[in-house]
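Engineer: Make one complex out of these two single chains by using the hints.
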Amino acid sequence: MREKEKERKEEISKMDVVTQMQRQLIQYTSSLFQEGFLDDQFNQLQQLQDESNPEFVVEIVTLFFEDAERLLNELSKSLQVEQESIDFRKVDAQVHQLKGSSSSIGAQRVQRVCIAFRNFCEQQNVEGCLKSLQEIKQEYSLVKTKLETLFKMEKQLFAARGSISR
Amino acid sequence: MATTKFRHVFGGLWGFATSCKKNSSTPIGSRILQRDVEKEEFQYASILCLSKYYSVFVVRLAIMVMLAILIGLLTILTWHFTKIYTTKSLNSLAYDLRYELLQRPILRMWNILNSTSEITMAQVKLSQYVIRSHGNLTTQENQVEQMYEAMRAVTWALFASRKALNSITVKYNNGFVQAFHRDLKDNNTFYIYSDLANYSIGASASSYNSDINYSSLSSQESWNDHDNKSAVWYRQPLDPVTGEKIGKAMQIAPEDSIHIAGLSQVPDGVASWRVVVSKFTDSPLLSAALPVWDASNKSIVAVVGVTTALYSVGQLMKELVELHSGHMYLTSLEGYLLATSTDVPLLTNSTKPPKLKMAVDCENEVIRLGAEYLKKSSGNKFPPSHEVHVANVRLGHDRYYIDSFFLNLKRLPMVGVIIIPRKHILGQEDKRAFKTLVILISASMCIIVIGWVCILILTNGVSKEMKLRAELISQLEARRKAEASSNYKSQFLANMSHELRTPMAAIIGLLDILMSDDCLTNEQCATVTQIRKCSTALLRLLNNILDLSKVESGKLVLEDAEFDLGRELEGLVDMFSVQCMNHSVETVLDLSDDMPKLVRGDSARVVQIFANLINNSIKFTPSGHIILRGWFENPNPCSDNANHLMEEKNLQCAQKTRTRQHENHAKRTSKRDNKAILWFEVDDTGCGIDPSKWDSVFESFEQADPSTTRLHGGTGLGLCIVRSLVNKMGGEIKVVKKEGPGTLMRLYLRLDTAGDATEQHCLVDIANNGLVVLLALHGNMGRSITSKWLQKNGVFTMEASEWNGLTQILRELFHTRNSAGINNDFDLHYPIHESLKSKLLSIQEIKNPVFVIAVDIGLLDLSTDIWKEQLNFLHRYVGRAKFIWVLNHDTSNTIKMELRRKGYMMTVNKPLYKAKIVHILEEVVKERNHEMQKKNMDELHESDYTHCDAASSDDSDISESGPCNPVKSEKVEQFHRLSLYRINNCLIGLTDEHSEANNTPKKEELCQNNQNSPKSLSLEQDYFPREAHQGEDSESRGKEEHRIIGGSARPVNGKKSLEGLRILLAEDTPVIQRVATIMLEKMGASVVAVGDGQAAVDALNGLLGVEDFRRDSNLNERNTRSSSSQTEILSFPSYDLVLMDCQMPKMDGYEATKAIRKSEVGSGVHIPIVALTAHAMSCDEAKCLEVGMDAYLTKPIDFKLMESTILSLTRRTIS
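Which chain is which? The protein sequence lines are A and B, in order.
Heads up: the first sequence begins at 8 in this note's numbering, then just goes up one per residue.
Heads up: the second sequence begins at 6 in this note's numbering, then just goes up one per residue.
This is chain B alone, in the form it adopts within the complex (with noise of 0.2 Å):
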């Protein structure tokens, strides 16, 4: 009930807070209010948590005494009513047994009377008839003898067959006496009789008759006395069976005679009853008398009395109480005691004769206090044919039942009284009762106090609950409040990303302008030069702090989109090469073929956290190679024998290959669905790390050993970015052991790999082709792994690591070929290798070799002029192999053009990886098919290095492209162009750093005007070597083969960039209409700028419009439709770019996106669309590519940020 009602209360509050809240919150839209709102209702919903652990605690407490009363309640019910019940049942067995018990003695006193009145009655019967029978011989003295014989013979027959009789008296009216006594103390029967005075009977019979009649009675009684007092009584033993006379009469005095029943006894004729005493028993005596009439029945001759002791009821009463210990007494109506159930006296023995007692001079003191008792509860009026009942009356100590009962005899009532103690009956009883309330009180007592050991347990706990909830609820607090605070720092951190970077950024633009100006001295350009290196580290640091504190703030959010995982990779190699080149570092590229080529993840992060660890190793490491391995799954591929063997095996059968790589990786992933564990392993050879400091090496501001700071600098933040980063996409990085000096970082990435993962390998033309390849390298690793890796590929590999090595290769190859024998003495000099002999002999085994020699440009002597002779003496063998340069980045031009004057077209920058290789061998294997084909045709084929630069990082689309599954490019496409700004952001760093670095040979590495398709690359075609290449893999395959880029160096900056770019600008605000508009034409572009949404998609729309007409019309050009805007009006016949402010009155630049890109659906267009947002937010700019845009560019605008971003979305719109 308490529980419904404080539910009741605390619902009934409940609901007004929230109506409270509701009508507080609903007005207010701020955010502000609305978060203090949230407060206090955070702060409502602790204080009705912690009402509601009170109320509970009170509603505990409440059933807890509820249920104590409850048990006390009970067991008091039960006590009492069990006790109730059993002293009444008790109750009324005690009283029927009182009054069987007293009925016993009454009946037992009764029988005596009645027995004793029978007798009285025959003897008087019998008298009756003797006198009658003997009638009138009164006279005569023997008849009268002879009769008072007959009398005295019948009236011992009557005496003798009644034992209990006391005495028998006839008294006759002349005084004789007769009587028999027997004394019951010492059991003697004894015969009286008086002496013989008067025989005339009936004389004294007639006056005694008037006397009766007329006279007084106290004369009579005189008479009679006088009669007996005159009379000589005598008293004979007899023997008391037979009646035999045994002794000799003594004479008696007549007072001592018993006592005689006179005529005094019977006043009115009739039987009469009374107790008496006599001085020889000490029990009072029930005495009946009775007249015998004479036959006439007209006078009284005698008078028969009958004494009866008492003693037997007293003797009865002894017996019955016995048992129950009680007390029992008879008294007259007057209060004489008449028999008890002690062996008190009952007669006074201080007066003679001896009289009765009363019953309140007992000398028992149980039934005197009775007797008084029941004197004074009904007074001396005892009230006749009333009952009294008494219980539990305290006697003395003890408690007693007095009962009483009215016998109501003619002339003689009686009383009867028993008394029982009440502990006899009751005793037990009344123990037990008592016991077990005590019992009962004491379970009741124990609940309750276990009950309350139990609340006290209970509400303990409640209490240490409720406190752990209050802390829960500060701690929650607090987490909230930390919260929040991380909220502030990120969104601190988001605004400075924006508010930090954009000073950099300009301050490096800025930079770059000041340096590309001629007019400085060479003391200022170094400065310049320093600062901008500055600002770039600066720039970088910024950036991996950010980096650091988006991913520790859990803002990090990884993309997921699929990638091509080993182009990235390789295009990072490309960069850091040139970097290592610079530190005579080798940089090599292991990944083993099973590698998933498409793997979906966040492909900036990845190739950031290869680029820091990269960039660590060549900054430790001063000489020798930094391999990056990459393998799937596998722990060992490098020397896994087994692996390679069945890596063959699947060449053989590509079909078989597939199935079985199918069912390898169904096993591998079954676990993940489609998870794929890539390993990579960042192997240098540089300084190490100590093996205690392998893991402190991943925390923040760690690094291995401080002294290197100075030497190396560094913040010791690349390595924790990795390891969060690798974290964050379930791998795990660590250091491991390795032989020899440098350092082994392997880590794992838990990859997505994209649905057909089975990728097929284009080895299968280069294989089983009868080529063979020599690798004259510098590079020891990377032309190991590379000439194993073509082993195994079943490319016969021969290896010269320095130029000797090469001439004598070159030597045997062919000079053995054509004249065996000439080159005898070249022999001694140079005895060739036992291997390298088996080698030459199993290429002689070759049918139609195609020898393939790749030329490390380092290999010649580049120092002096003796390359020119070199390569002369290459150029002799240029009939028989195929010639590849293998260039370094800073080769210089003179060589370069040598080489082109030579007609080597198959030229490629170093690092040699596979996809370079693979990409090169097809070039040679196609163009061998094509002499086979046309013998005679001249045209020479050329590549350049930048061709195959483009290619080689770019031949996943070459395969891709080409008619097996064009809808995968497009896909692939669309995901670059989606995750453009992000890696324009995050490789900002580097590529900064790599072109800075490498600015010369960039700027050489810049594409030219093509025949086909004029288009001018920049330098940002190498911060986005994908999108840039994109443009040229929607070319035919064919024609790229024939595509023929000539040229050299070229001007950078006489060119604008942005030329013959139509770009549709809108924006509202005027200031920045004409800014952007400016800045475009600056950079060579055409603008139309509209003052908003709707302008612009009208724009766009009648454009479209225009495209379905000039398709038709052949319409050439046709200015565009004008939009409303104020400022600039410009006709072309459609737009490349759309530049979109995203807050703009009528419609915004998401309203607008959404409609042009609704308006897309179907024609196959896609118009870039580049967001212009003054909020530097990530929300913003995932809403901005939510919507369809293609990039987001922040306010104020930068200039370089535009112009990249622009360009990286026009290359391959442009082709």
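With the rest of the complex left out, here is chain A (with noise of 0.2 Å):
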């Protein structure tokens, strides 16, 4: 009885702190929102996640890492200031995909740099485009660690989950 009891207890607890983790989830997704880190799109993506393909997000998000990655390093090249010059039209459709992209997982921050980023690429201001190449890498690499930190979580959470139900 009383070891039940302990494993009632036990479980309760770990219910709690499951509770817990989740409400921290939830939190943290909103937070993200709010910042306007991400938008619906996201939502729209997990959404679409389901027992078929389960880590459909974490997918998508990975590849939008890499094509990110790819495409921000092949930008600071085409970018590089000792270049005679500079081909802009490659540098639009190179943003052009970023934003594609970007909006398709809804980082709506690095989207919207992205449209700057095509002005600029418009008027063929290189210090403009240099600038929000900075601003694109920063904006990459923290929407990468907060999604990287809400991937934890959730595997988190879903580990957690799982020792329950187990």
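The hints are simulated quantities; they were obtained by calculation from the structure and are not laboratory data.
There could be a bad hint or two in this list.
[Claimed, not checked] Partial list, computed: chain A residues near chain B (C-beta under 10 Å): (1) Leu55; (2) Leu70; (3) His103; (4) Ser109.
Every residue, glycine too, gets a C-beta built ideally from N, C-alpha and C.
Structural biologist: Below, the structure written as structure tokens:
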């Protein structure tokens, strides 16, 4: 009896932990939304995630990270100062891609900077472009850490849940 | 000259500027810099414009100045030349005149001299003769006396013959003097002689001669003088004519005598001339002396002297210059005056004897001055044979001409001077010249002044014009700015449309998801529903505002495509009827039959107009009806009997109709090529609008009664949009006075009728088939309109509005037929109206009638279970009449089940409009024909209301998809496909609401699998009714009849909407690719993703090839050629749809689409391509559609929108 009670208590405490974690996760997510890191597109992504592909969001976001890193590298390469002439069309296309992918995962701050970047591109404003590139990098690293934290939390939650159900 | 110079300079500047511009603009491709350049160019242009006007101004000024100078020069030159020439000619004339004038007195003088000399000569000759004839008689006294007597006679004769002579004297050498003297003053003639002292002529003559030869002159003079003094002289007056002595000789003193020419005057024995003065005359005398020689010619016997007065010369001069008021005088070479034209004395009276005056001492001032002038100018020595001609000499106060001539007579040189006042000759001329000068100068001054005034006026005008231009320029600038700002506005709005609609769509979508969640509590569910409603309203408002701003900024471009107006309106009425029925309001569509079926225009906007109007009406109509009427350029179709008659005739002879309608049509539209005026009325029985507000309701944010906002909500944008759209379509809208309560909005639209506007009604089938329709419908308006229309088309109708009426008519119809007289007691309770009776009678005359009874389910008493009894009652007549059940959207399933159980297959949803009726009646007619052919056919003809619904809105296609014109239907299809996206956008607000309000029945309406062609319809089918049923149309009509649509309620969510679809996704961004893939897969579609446009084209081309191949070899499955894509390669036999990103490496979406469409040419395949783009601008949309894409989705991808778009595009290809 006692043992059972203990188990129950443990379970309850575990449940508490889980709910706490859940709350934390929700808070964190909502803070991300409030601070404008993410928009409803991310929600849509989460909606798309189901039993058939449980890691969908992570997969997509990882894809985004890869894609974005590649694009950022390319961008910084094409925007090197010592370069004689900058192919703005190419830069524009790259930024456009980055904009598309960031908007698809809902990283709207990155997307916003991309829009500004494209404007600079249109004006052929090298300094503006470089500034935007820095901003994008910053935003990107920010969103990356945020998302990674989010996923970590989710994982923890999942693990905690798993332990309960077990 | 100046102008060209200016132009040249400006031209140079311009060229320089343009070259500058070119240089500056070419390397900079950026839009903003180009804008700057444009701005600069604009400013430059304005500066150029201004400078141009300044230059024009300067040029004008210069021209005027030059003109003035020219005129001045011309004037002065003219004056100068005229003056010079006239002066010259006048001068020469005057010279001639003066010369002439002077010549005359000189001639006279000459004459006088001549005659004097002649007479002297004659006297001398005569004296010589007389002396010779008395030769050698000198000593004898009497002989001498005799000789003197002869001399006297001869001399008298000579003297008498010359009246002008003053005197003739003969002085003999012995001192004897004989003289005749004529006193010109008192006209007396005297003979003067001396006392004869010495008769020896010869001795004295010899001495005389020797004296002459040897003695000095002074001695001779003294001799002579002595003689004279010593002699005694007598003067005897004579008769001037006869010479007879008439008086006594008077002794006179020698000094008193006249001047006697003596020997002294002929010192060298030749004739001499001199001017002398005598004390008897006041004028100088000309005297000539000549010696008389003796016979041997050795000694002078006597001296003859002749004196002539110069008085006559002066007289002549006087006469001559009198006319010219000039002066004339003759002087001797020394300057003594001989004759003047004036009366001044020529002799000085102060001295004794009188002496000649010098000209310079003349009493006449002019002469004196002239003489002084001459003396001054030529000195004392007057040049011989030198003439002086001086013009313009100032003597005293006037100017004179002075001319002098030299008359060189032997021993008596003379100078003639003429002084003529200049005034006399050139006075007029001078005056004239002065006048002319004054006139010319004043004229040129005038011209200059006028010129300046003109310049002033002109420049004034120019400056005004310049001011205006400057204003215009500034206004242009302002306008440009305004345009730019409005451009920004529209751009902003276009951006906003995306930015605002996307989150709204997301909100609504997410709310939908939330609502479908089961774990919501009721309270939450209610809240979410409320949120959803609000969101929908907000979206609608947003759409309205965007529409309005779009219209106002002129950005709205109306589509020009063919569409079926009737069908659109039917769809609209269908949609609203649901809402209306909740309000217990009847919605009726009443389109006249002559409405053109197909019109060209923007269907979405037309629908929007009516949607707004009807929405408005519903809002303000708590009960009654809303009628949407439409007719074709006819002011009053409902009460126009003539029109109806015409229509009836039309029905009787279709051929005629066609021609006539064509004629009418031609007449109506001859002015505007093919533009038809379509009139519409939206008539409701609501609260109405105050007449004073009839105009203002169309203003934005204006509502007739502000208080209604609280009651009904709304922003007042709807009618404003309506008016804008109607105006845009070349029409007008206004509120029209109406009888009874409510509002009547009347509008007309100017739409292009499609080429073949003379549509054929399919009513021919219905008419003359012995149809009797009993309309047992609830709504009065709809029923009467339908009934009227049916009667007009040759169908017999009866009407019943409630259950009792229906039963009565049924009894009358069937019981009287079968067994007359049974229903007596019933008749007592329900006496039949006379009109009904006559109708019944006429029905009985119809041969083989077919009864069609349309029963409104609302007639049954649904509140209790009585309806089942009523149903059973009606079921008794099922063999004798066809029943059509008119259902409400909220009719419960039990009733439907019951109806189906009883075998009623003809059900139709309210509202009942023409197309539905036509369709039903056609079905009935066909069924009857069918029955007549196969009497024993047991097959039940089922017709689901959905089917009817579909068919009704599709009825144009039904008639069209017949063998007559398949091309056309295809065309329509094409158009639908194109306008799809637009419709989608446009209707989303309405349909959302509609679907939401109508949630349950909608779900039921969804079609299920057909036996022949498995298909899945989703919610989207109602969004695009036409699109959805397009697929069905492609099926043969025969099938349609026998198609059985089974089942009742279906789960919507259980089924994946895109099940079985194969979709090719061309997207380069891996993230989006992945997201889209998952989304599509979630919807049940199979997805092949490729990384660029080229891969997509390859994939499709490969498949096209595969299809061909499959057709040959019946190979059903074959792996698709794997693209170079990195993610996912699935194998499918073909694709149903392509999702195409617009910006991709290698080949972008536009290029790829073009390539795909190119490859499709000829194969008859049309694969739907949906663009995926991050741009939300309409131009991108246009570009997408232009290259051949079918629809357009914006990133980030909206789940629902994508689903609906894909569904709408794949519907027709599935079947």
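Engineer: Sort out which numbered hints this structure fails and list those numbers smallest first.
Structural biologist: Hint check: nothing fails, all pass.
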